[in-house]
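**Student:** Sequence order for the protein chains is A and B.
Under the numbering used here, the letters of the first sequence match residues 13 to 424, in that order.
Under the numbering used here, the letters of the second sequence match residues 13 to 424, in that order.
Note that these hints are calculated values from the structure, not bench results.
Here the structure is a predicted model, which means the values were calculated and not measured.
Accuracy of the hints is not assured; some may be wrong.
In this list, chains with the same sequence are indistinguishable; a pair is considered to hold if it fits within one copy or across any two.
[To be verified] In silico SDA-like links for lysine to any residue, alpha-carbon gap of 25 angstroms or less:
| # | residue 1 | residue 2 |
| --- | --- | --- |
| 1 | LYS67 | THR308 |
| 2 | LYS43 | LYS383 |
| 3 | LYS19 | HIS228 |
| 4 | LYS417 | THR171 |
| 5 | LYS417 | SER387 |
| 6 | LYS175 | GLY39 |
| 7 | LYS80 | GLY347 |
| 8 | LYS417 | ALA382 |
| 9 | LYS137 | THR380 |
| 10 | LYS80 | LEU121 |
| 11 | LYS67 | GLY85 |
| 12 | LYS349 | LEU76 |
| 13 | LYS417 | HIS389 |
| 14 | LYS349 | HIS202 |
Protein chains: 2
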Amino acid sequence: MPDTEIKFIADGVCAPLGFFAGGLHCGVKTKNPDKKDVAIIASSVPCRAAGVFTKNEVVSDAVLLTKKRLENGELQAVIVNSGIANVCAEGGYAAAAREGRAAAVALGLPETSVAVASTGVIGQKLNIEAIERGVPALAKLLSRSAEGSDGASAAIMTTDTVKKEYAVELNIGGAAVRIGGIAKGSGMIHPNMGTMLSFITTDAAISHSALVSALHHAADYSFNRISVDGDTSTNDTCLVLANGLAENAELAEGSPEYFAFEGALTALCRRLAIDLASDGEGATHLITCRVSGAKTEEDAVALAKSVISSSLLKAAVFGRDANWGRILCAMGYAGVKFNVAEVSVDFLSDAGRISVCRNGCGLDFDETLAKEVLSEHDIVIEITAGRGSASAECWGCDLTYDYVKINGDYRS
Amino acid sequence: MPDTEIKFIADGVCAPLGFFAGGLHCGVKTKNPDKKDVAIIASSVPCRAAGVFTKNEVVSDAVLLTKKRLENGELQAVIVNSGIANVCAEGGYAAAAREGRAAAVALGLPETSVAVASTGVIGQKLNIEAIERGVPALAKLLSRSAEGSDGASAAIMTTDTVKKEYAVELNIGGAAVRIGGIAKGSGMIHPNMGTMLSFITTDAAISHSALVSALHHAADYSFNRISVDGDTSTNDTCLVLANGLAENAELAEGSPEYFAFEGALTALCRRLAIDLASDGEGATHLITCRVSGAKTEEDAVALAKSVISSSLLKAAVFGRDANWGRILCAMGYAGVKFNVAEVSVDFLSDAGRISVCRNGCGLDFDETLAKEVLSEHDIVIEITAGRGSASAECWGCDLTYDYVKINGDYRS
Numbered sequence: 013m014p015d016t017e018i019k020f021i022a023d024g025v026c027a028p029l030g031f032f033a034g035g036l037h038c039g040v041k042t043k044n045p046d047k048k049d050v051a052i053i054a055s056s057v058p059c060r061a062a063g064v065f066t067k068n069e070v071v072s073d074a075v076l077l078t079k080k081r082l083e084n085g086e087l088q089a090v091i092v093n094s095g096i097a098n099v100c101a102e103g104g105y106a107a108a109a110r111e112g113r114a115a116a117v118a119l120g121l122p123e124t125s126v127a128v129a130s131t132g133v134i135g136q137k138l139n140i141e142a143i144e145r146g147v148p149a150l151a152k153l154l155s156r157s158a159e160g161s162d163g164a165s166a167a168i169m170t171t172d173t174v175k176k177e178y179a180v181e182l183n184i185g186g187a188a189v190r191i192g193g194i195a196k197g198s199g200m201i202h203p204n205m206g207t208m209l210s211f212i213t214t215d216a217a218i219s220h221s222a223l224v225s226a227l228h229h230a231a232d233y234s235f236n237r238i239s240v241d242g243d244t245s246t247n248d249t250c251l252v253l254a255n256g257l258a259e260n261a262e263l264a265e266g267s268p269e270y271f272a273f274e275g276a277l278t279a280l281c282r283r284l285a286i287d288l289a290s291d292g293e294g295a296t297h298l299i300t301c302r303v304s305g306a307k308t309e310e311d312a313v314a315l316a317k318s319v320i321s322s323s324l325l326k327a328a329v330f331g332r333d334a335n336w337g338r339i340l341c342a343m344g345y346a347g348v349k350f351n352v353a354e355v356s357v358d359f360l361s362d363a364g365r366i367s368v369c370r371n372g373c374g375l376d377f378d379e380t381l382a383k384e385v386l387s388e389h390d391i392v393i394e395i396t397a398g399r400g401s402a403s404a405e406c407w408g409c410d411l412t413y414d415y416v417k418i419n420g421d422y423r424s
Numbered sequence: 013m014p015d016t017e018i019k020f021i022a023d024g025v026c027a028p029l030g031f032f033a034g035g036l037h038c039g040v041k042t043k044n045p046d047k048k049d050v051a052i053i054a055s056s057v058p059c060r061a062a063g064v065f066t067k068n069e070v071v072s073d074a075v076l077l078t079k080k081r082l083e084n085g086e087l088q089a090v091i092v093n094s095g096i097a098n099v100c101a102e103g104g105y106a107a108a109a110r111e112g113r114a115a116a117v118a119l120g121l122p123e124t125s126v127a128v129a130s131t132g133v134i135g136q137k138l139n140i141e142a143i144e145r146g147v148p149a150l151a152k153l154l155s156r157s158a159e160g161s162d163g164a165s166a167a168i169m170t171t172d173t174v175k176k177e178y179a180v181e182l183n184i185g186g187a188a189v190r191i192g193g194i195a196k197g198s199g200m201i202h203p204n205m206g207t208m209l210s211f212i213t214t215d216a217a218i219s220h221s222a223l224v225s226a227l228h229h230a231a232d233y234s235f236n237r238i239s240v241d242g243d244t245s246t247n248d249t250c251l252v253l254a255n256g257l258a259e260n261a262e263l264a265e266g267s268p269e270y271f272a273f274e275g276a277l278t279a280l281c282r283r284l285a286i287d288l289a290s291d292g293e294g295a296t297h298l299i300t301c302r303v304s305g306a307k308t309e310e311d312a313v314a315l316a317k318s319v320i321s322s323s324l325l326k327a328a329v330f331g332r333d334a335n336w337g338r339i340l341c342a343m344g345y346a347g348v349k350f351n352v353a354e355v356s357v358d359f360l361s362d363a364g365r366i367s368v369c370r371n372g373c374g375l376d377f378d379e380t381l382a383k384e385v386l387s388e389h390d391i392v393i394e395i396t397a398g399r400g401s402a403s404a405e406c407w408g409c410d411l412t413y414d415y416v417k418i419n420g421d422y423r424s
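Okay, chain A solo, but in the shape it has when bound:
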């Protein structure tokens, strides 16, 4: 395998050497005894670790605790519960600490080496006793196999309909290095540094500062470019644990090997992020918006994100209506200056391509073909925003009856 090539492989977060994982129903999701609700991912040796978190002012106690645990840049395990977000509930921080302690005790690790993450309903008290009761059994069934990663990725799901897990392998200076990741998130998805939850493992040897840089880069080009409903969650967390067991020469920022690692991590995160958008609550379409011709990459991202966040555009895609005027409208309130007379818009999918706007004006187009193009699950909106050289891609989904149904009836 050449140095720059990355290969997608099996086994998710258990693909890198030395990582084991699993999930179990412990009783946080009281109404769904058949659904796993606690996951643990752990390494056989201490790891360098980095995280990106929500920028919401209202923050889960799990996020506060994990930020503290990350201060020395090292972790060895993470415990995650779904069902209750552990935010705005009395005694939340103490409950998060107990959750971490339960995992530490069961794994025989120092308490400070365990991160905690939560996702679910805001404002309800975490059933910490149920977690404490369940964790010893969970710790015993952790495995280094595909089943371990599968179990963990199932246990972190809320309204998700599919598991999101990937792994990649690349060659760094002769050493095979693996990166694995899982993620969850379906509603309240408009990440701002991190996503609902994502956990990434790697056996790369990498300096702490390089790991932090690589994670920020990867999150910026993946999780920070998707939206399901414009709601930035209180619990967004993306953690990476690097245990060095691949025995490559330690990666330092700025080296060619570092950029290979960063590229692979970004590719992995993009797959996870696209899966999150595609599995958006109630979604029937994945919408990819590609903007080119922008003045800066920041402008391109702002324009693309505004388009994929527009309720009106999302409803139009659900209705298979090539109502491109809503795209221009959403670009117009993105906070970016551009010349409307230079804008062009196409819709494309496996069923074909339809050009709907050139030089800021509508084109006559074949409505029947447009319906066919928009009947595919994966829709691309291709926009030229002007004569600039910057471009970006963002991902979202359509707005459907089921989004309303799911969210009119989530707590109960």
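Following the hints, complete the assembly by docking chain B onto the known chain A.
**Tutor:** Chain B in isolation, oriented as in the chain A frame:
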């Protein structure tokens, strides 16, 4: 009537002396021959005029033309079409000019004294010939009665289900002054200076600068505090025409009489804005969010607007689910600093009040009563954001199946 009292009266934009109005089907809405699609509002004498407009980068040619017409601060009439927004369509500016000219000719006015507004589908060519054919008949049926205002308010509707028109009377230094207004807008409502469309008439004598100030104040406290779907339209326009026929002493900025007028104008605009939110596409609830205890009024508005704009909160209200965690979440990404431990949240309506959060933590509450409170059409969310002294109210509506239905199938 004491000087500070304002009285709501009948006849909408025709309530002030010297204004006549009407609406007619001219053929812009080709598929709905029974729906009026062109309105004219005119004064018997020249008026001082002011306007606030969308801040979208993509702007209707009607907006561009009307901004030009407002440069000298005078207007005598406005022609409005619904059905096509006249934006991103070839020859749009020429079509807007022809639309204004048709009205000017039919009314015997100079072309420069006529403003033009459009609303409807983006990217389609305006059927200007149909408007030109219809305007002479429309000009003949304009009236100074309630029917005139009714006809105009009907003709500017798109997906609106009810007409929005109000008029108020107040006493200024012994002279009775009237202000009338109509508005439309149901989707693509997230105004940023102005709303979809609103036209206000008054017989007050008022300096141009005072009229501009009063309109900006009124729009800030009304149209700029509502949201249906977060989509700022390309056509937002709010115009006020003041013809001076009330013969009050000319209002100058900063005088007590000016503030009385400003207050009345603001009260009128709030009624129109609340009607817009209440008639949001597919809405089954009007949601009023009252934030107090904020550090600044700007903070209070940002918090309230974030709450009423949250798709998740809107879907929860549709489902009559007192899922207050989504309120805290939306406050958290409003871009405002606050102390979560000082936040309290209540839901109230004619069916009662339910306290759901105190000191940032959830309270046990009666879920049956909560369902009853949220079963009313008008729901109030009362938030204390901290220990500050600033407060604000914003208005929105719920997110329903019908919003998705209407917008999955608007063009066709």
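**Student:** Look at each hint and say if it fits the structure.
**Tutor:** Results for each hint:
| no. | hint | result |
| --- | --- | --- |
| 1 | LYS67 <-> THR308 | both (24 angstroms within a copy, 21 angstroms between copies) |
| 2 | LYS43 <-> LYS383 | between (41 angstroms within a copy, 20 angstroms between copies) |
| 3 | LYS19 <-> HIS228 | within (22 angstroms within a copy, 59 angstroms between copies) |
| 4 | LYS417 <-> THR171 | both (12 angstroms within a copy, 23 angstroms between copies) |
| 5 | LYS417 <-> SER387 | both (22 angstroms within a copy, 17 angstroms between copies) |
| 6 | LYS175 <-> GLY39 | within (20 angstroms within a copy, 52 angstroms between copies) |
| 7 | LYS80 <-> GLY347 | between (35 angstroms within a copy, 24 angstroms between copies) |
| 8 | LYS417 <-> ALA382 | between (28 angstroms within a copy, 19 angstroms between copies) |
| 9 | LYS137 <-> THR380 | between (52 angstroms within a copy, 20 angstroms between copies) |
| 10 | LYS80 <-> LEU121 | within (17 angstroms within a copy, 72 angstroms between copies) |
| 11 | LYS67 <-> GLY85 | within (20 angstroms within a copy, 45 angstroms between copies) |
| 12 | LYS349 <-> LEU76 | between (38 angstroms within a copy, 17 angstroms between copies) |
| 13 | LYS417 <-> HIS389 | both (20 angstroms within a copy, 19 angstroms between copies) |
| 14 | LYS349 <-> HIS202 | both (23 angstroms within a copy, 19 angstroms between copies) |
Checked against the numbered hints given earlier, the structure satisfies every one of them.
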